[in-house]
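For the sequence shown, the residue numbers in this note's numbering are 195 to 879.
Hints listed in this document are in silico derivations from the structure and should not be mistaken for laboratory results. The structure displayed is predicted, hence computed values, not measured ones. Honestly, I wouldn't trust all of these hints.
[Claimed, not checked] Here are the computed lysine-lysine pairs in the DSS-like style, where the Cα-Cα straight-line distance is at most 25 angstroms: (1) Lys265 x Lys749; (2) Lys265 x Lys817; (3) Lys227 x Lys247.
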Amino acid sequence: MTSIPSNISRVPNILVGQQALATITRTNLGLFKVQNDLATGRAINRFSDDAVKAAGISILDGRIERSAQIKRNLDHANTSLSVLDQALGDANELVLSAKSIASEQVGFSHSAEERRAQAVVIDSLLQSLFGISNRSSVAGHIFGGNTPGNTPIAQLLGGYRYTGRGSGLLTDLQLGSEVPITFGADQAIGAVSSRVQGTVDLNPSLTGDTRLVDVGGARGLGITPGVFEMSINGGARLSIDVSGADSINDVLNRITAAIREYEQANSATILGSGGVSIAGGSITIDIATSPPGQTLEFFDLTSGVTGQDLGLVGSPPIVFNTSTNMGADTSPKLTWRTPVSALAGVSGPLGSIRINNLGQSRVLDLSTAQTLGDIRNMIQGAGIGIRVEINAAANGINVLNEAAAGSTQSMSIEEVPGHDLTATRLGIRSCSESTLVSDLNHGRGVRIVHNNSDPVTGLPDPSRDVDFRITLGDTAGTTFNVDLRPEDVLNLGTVAARINQQAQLAGVNVPDDFFAGFTDGENGLTLTQNATFGTALQVTSTNQSQAADDLGLIKGRYDTASNSWIAEDRAKVRISNLFSTLIDLRDALRNNDTVGISLAGEELESHVDRLATTRALVGGYAKRVEDGQKRLDDQELLDVTTRSQLQDTDFTEAAVRLNLLQTQLQAGLTVAAQSLQRSLLDFIG
Numbered sequence: 195m196t197s198i199p200s201n202i203s204r205v206p207n208i209l210v211g212q213q214a215l216a217t218i219t220r221t222n223l224g225l226f227k228v229q230n231d232l233a234t235g236r237a238i239n240r241f242s243d244d245a246v247k248a249a250g251i252s253i254l255d256g257r258i259e260r261s262a263q264i265k266r267n268l269d270h271a272n273t274s275l276s277v278l279d280q281a282l283g284d285a286n287e288l289v290l291s292a293k294s295i296a297s298e299q300v301g302f303s304h305s306a307e308e309r310r311a312q313a314v315v316i317d318s319l320l321q322s323l324f325g326i327s328n329r330s331s332v333a334g335h336i337f338g339g340n341t342p343g344n345t346p347i348a349q350l351l352g353g354y355r356y357t358g359r360g361s362g363l364l365t366d367l368q369l370g371s372e373v374p375i376t377f378g379a380d381q382a383i384g385a386v387s388s389r390v391q392g393t394v395d396l397n398p399s400l401t402g403d404t405r406l407v408d409v410g411g412a413r414g415l416g417i418t419p420g421v422f423e424m425s426i427n428g429g430a431r432l433s434i435d436v437s438g439a440d441s442i443n444d445v446l447n448r449i450t451a452a453i454r455e456y457e458q459a460n461s462a463t464i465l466g467s468g469g470v471s472i473a474g475g476s477i478t479i480d481i482a483t484s485p486p487g488q489t490l491e492f493f494d495l496t497s498g499v500t501g502q503d504l505g506l507v508g509s510p511p512i513v514f515n516t517s518t519n520m521g522a523d524t525s526p527k528l529t530w531r532t533p534v535s536a537l538a539g540v541s542g543p544l545g546s547i548r549i550n551n552l553g554q555s556r557v558l559d560l561s562t563a564q565t566l567g568d569i570r571n572m573i574q575g576a577g578i579g580i581r582v583e584i585n586a587a588a589n590g591i592n593v594l595n596e597a598a599a600g601s602t603q604s605m606s607i608e609e610v611p612g613h614d615l616t617a618t619r620l621g622i623r624s625c626s627e628s629t630l631v632s633d634l635n636h637g638r639g640v641r642i643v644h645n646n647s648d649p650v651t652g653l654p655d656p657s658r659d660v661d662f663r664i665t666l667g668d669t670a671g672t673t674f675n676v677d678l679r680p681e682d683v684l685n686l687g688t689v690a691a692r693i694n695q696q697a698q699l700a701g702v703n704v705p706d707d708f709f710a711g712f713t714d715g716e717n718g719l720t721l722t723q724n725a726t727f728g729t730a731l732q733v734t735s736t737n738q739s740q741a742a743d744d745l746g747l748i749k750g751r752y753d754t755a756s757n758s759w760i761a762e763d764r765a766k767v768r769i770s771n772l773f774s775t776l777i778d779l780r781d782a783l784r785n786n787d788t789v790g791i792s793l794a795g796e797e798l799e800s801h802v803d804r805l806a807t808t809r810a811l812v813g814g815y816a817k818r819v820e821d822g823q824k825r826l827d828d829q830e831l832l833d834v835t836t837r838s839q840l841q842d843t844d845f846t847e848a849a850v851r852l853n854l855l856q857t858q859l860q861a862g863l864t865v866a867a868q869s870l871q872r873s874l875l876d877f878i879g
């Protein structure tokens, strides 16, 4: 029987019902939560369950999600690096096979037929290398550089051209530094281009269309558009704002407008007929001669540099008057939009040039080119694997050979007779006076004999330092010796000067009877003799010196039309990579060329070293990725464990709580039922 508290004499039924309902509801809510915890396995399902724990769980969820993405990146990188390692391993085995063939065939005991048979093997190795170079992974072509979506190596006229760009794609794996997932081909097969460095400063002039961003500025720091001031005849300073100017024309127009405004306001004549214009790399201002003595000076604001950049403000001050009308040189840069007429470094109209590459020869007429971009398009449009670029100083152009081929099919740029040395004036002739001797023979240079001594006396013997002998075709058979010293083999110009000097010392009339120089046509050091000499000039090596051969004089040819001995061109531009070396080895085997086989074998050694270095680098990256995966797994396990401790349900505790709540609910229902059986009549006594 339910007892009634002594302090309550009578309780309304509605209050008893509300109290019972509240108790049962709280119990039901507790049962709902514990059943939900058991069903989901989570004790924290919303922030209202436990704000502190929920905040920690949210942070851990973010870390685990990021870890999952990094793990996918690591797997992606690991797969790509595995393919890279396999490709480099295959390439290394290929090079070792080629090197073994070269070592076996370099001896004189092998017949031409045996070598031709081995050339077929090398040709198959070339095809295998082509396939390896174009191999793909999950990241695209592994040697595609920054453009892995494109096939990096293409066959062109018997050569191989690299079309990728950049050193490779990088991925951020949270390892302290980025890891590459693709490489540039230069890290595997070697150089992907070789260039003729421009030797002439084309010295572009300003034009009205020259953009300010393409001007180096008088300070060498570019042009900073802004506000500067001018003072006419020492009067008050007037502002000129070129902040929004884009081109030199914009600047000229604003300066002109400011001066015209002054003229109108003061009824004066400041500008002469030349006005505000340009000459070379400078802005010019023509000051009127009447009235005499007028001056115009520009000033920068306190923190401004615009006037200095435009060459209008300087130290000492630049004062424009009738005798001084030119500002400082602003050093305009070459762009593909630069007009040919603005190339101050090129005197006279352009003519034709001859470009040879991949066994092809193209004569290009540049006379119709209007801009530097037209010249580039004409050269690149020849379709023989050549690209043109503006050099880093933006004052000249370089011509790049992008197609790997054999030594005999390397790139050369020659003059076309009667076209005013167009290639030389553009600075792109591959064999000229400025060509470095160290660049000849694909970087092997020229070997001379020097400082030799008499084997008997031990004293210096100048006769043993003679490198070659030149015999003229006159009736007397005049000969003279050429002793090249280290200071003579700097460039082809110094070599030619030394030969002429040695001829003069021998009593030869230079340049009437003999002259060493260059033709206005094909490349090669040229030895010209008097037209009246009846027989061909001859060059003979002495003292076992290789100088004449390295200069191309031994394998040269005699041109009867010009009475000249024209040396073989040894300044050809060749890409030194694995493709070109294998082609050289194949061709040497086909031609039974023992020296060529030896040279190719020596080059293969450098490729073995580079591949080993690159593979070691890939292995280092792979080890970092592997270690990163292990660390990430450990971190993820710790995060998941901590989150589980905060979030997951303790099933033992939840089961006990469920049992207690069920008992509590049953008791509450029983008590409520008994309490609600009483009525007012039970209290009337």
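Right, here's what the structure says about each hint:
This hinted pair does not check out: Lys265 and Lys749 have alpha carbons roughly 62 angstroms apart, beyond 25 angstroms. The suggested pairing of Lys265 with Lys817 holds, with an alpha-carbon distance near 15 angstroms, which does not exceed 25 angstroms. At roughly 17 angstroms between alpha-carbon atoms, Lys227 and Lys247 fall within 25 angstroms of each other, so this suggested pair holds.
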